[in-house]
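**Q** Order-wise, the sequence lines are chains A and B.
Quick note: the first sequence uses numbering that gives the first Met the number 0, first residue 0, plus one each step.
Quick note: the second sequence uses numbering that gives the first Met the number 0, first residue 0, plus one each step.
Each hint should be verified, as a subset may be incorrect.
Reference excerpt, derived from the structure (chain B facing chain A, CB under 10 Å, subset only) [stated by the list, open to error]:
1) 11
2) 110
3) 111
4) 114
5) 117
6) 135
7) 192
8) 206
Because the hints were derived from the structure by calculation, they are not lab data.
Beta carbons: idealized from backbone N, C-alpha and C, even for Gly.
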Amino acid sequence: MSTNLGVWIAAFLTLGIMSFLYKDNPIYKFCEAVFVGVSAGYWFVTEYFTVFLPKVWDNVETAINVLQAEGRMDWFHWSYLLGGILGVLMLLRLVPKIGWISRWPLAVIVGTTSGLWLINYLVSNAMVQVRQTIIPLYVAGNLNASIGNIIIVVGTFCGLIYFFFSKEHKGVFGGAAKVGIWFIMITFGASFGYTVMSRMSLLIARMDFLVGTWLGLLK
Amino acid sequence: MKLFDRLLAIDRRIIFLLVAIAVTLPLFSKTILHIEISPMVKGVYDAVNNLPPGSKVLVTFDYDPASAPELQPMALSFFRHCFSKDLKVIIMGLWPQGPIQANIALEDVFRIPEIKAKNLKYGEDYVNLGYMAGNEVVIQRMGSDIQATFPVDYSGNKTSELPLMKGIKNFDNIDFVYNLSAGYPGTMEWVQFAVDRFHAKLGAGNTAVQAPGMYPYIPRQLVGVLGGMKGGAEYEIIDKHPARAVSYMLSQGVSHAVVVFFIIIGNLAFFATRGKRKTSE
């Protein structure tokens, strides 16, 4: 059994959180509150030291130093102050009377994000993906590749037909849409399977910690 | 019918207990399951294996301790593979805890005798540039100037003074990028910015939840993906150094069998008692 205090605390918190599986209880509530509190504190400190200090404070300080030493405006470093001001404006949501001002920084965020992402999404998730679907249905001497390519083309085509609502899903069109929904369902099933695997992996590691690191039963 | 009624009324806590047993008991076994290598994992392995010694590999740690059970074994085996092939490793993170996870993996990999014998030096054989706030904008800026994006490394050393960083301007000077990702920002952002905009060569290790969403990017935008713990185990097997992920696969297999068993039983019981429920309604 471990003699490390940190391991004991981690084991207590792990068991406390897991105790919710039996039923809600005060120990679970305590562990949950510790988690929320530690997370909030951690993120506050992280944001302060990795965003506010290097991005705003240091740059504005440099701009002030340049102004004092050389008597000129260092616009590059001053520009970081704009981000800081927008950040303060965002906090005005807490003041109901002038809360509407917080829409300005939000507008900046929405505008820059959409500008940044529009082309990237179009290229990576549309154009290149379309290109990846234009593939030969028959690959000479490679049955696996041929079957794989047919599945990709048929799945993409029928999946798109399923989401085409301008024509009633009847006849051949309806049949293709039905094939499309099968492909979509299989995709959801695969994603669910992966999700189960992911959660099991976390549980395995926790049990390994409890049985191995804490209790010392594993060699 | 009574049996099915009882099965449908089974207390969920009994299922939790059975899953816990199914996960824990195999941990005591040394049995190693047979693991098939998927083309997605082989793609990443081959891409690294074909790099000549001295090639520069950028490893980005975009995850935190919550995803470590899945991604940490991948980091460890990837580092082992890189160092055994004398590749130069540059570490960074778009998640604050990422570079810390990298240091944990480095500590572990330096305990392996074959890697320890190489006496790798910080700054020459590997560097940790640390975390940089800004998500995908960081990748965008790295496309222009990596050293301007990371003026100092994780320990506060000037990046420009690190021997390994000499001659590295942008992605043109990086031979391979490997992204360990648990969400946003992660592999999708690396594909969209580093690959499609700056033509970097990218491989990834993802949590199982995220992996299916990355498969459409293979092979044109991604050389391959390690999906969840199974992906990590495959990499350990293909690299001929089975480690933690492989040892967990028996627990994974048995627990999955229990889940599948209950899904089948639940469905059987549901359909067998459906007529009865309709009558009572």
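**Q** All hints, please: hold or fail.
**A** Verification of the supplied hints:
no.: 1; hint: 11; verdict: 8 Å, holds
no.: 2; hint: 110; verdict: 17 Å, violated
no.: 3; hint: 111; verdict: 19 Å, violated
no.: 4; hint: 114; verdict: 24 Å, violated
no.: 5; hint: 117; verdict: 29 Å, violated
no.: 6; hint: 135; verdict: 7 Å, holds
no.: 7; hint: 192; verdict: 7 Å, holds
no.: 8; hint: 206; verdict: 5 Å, holds
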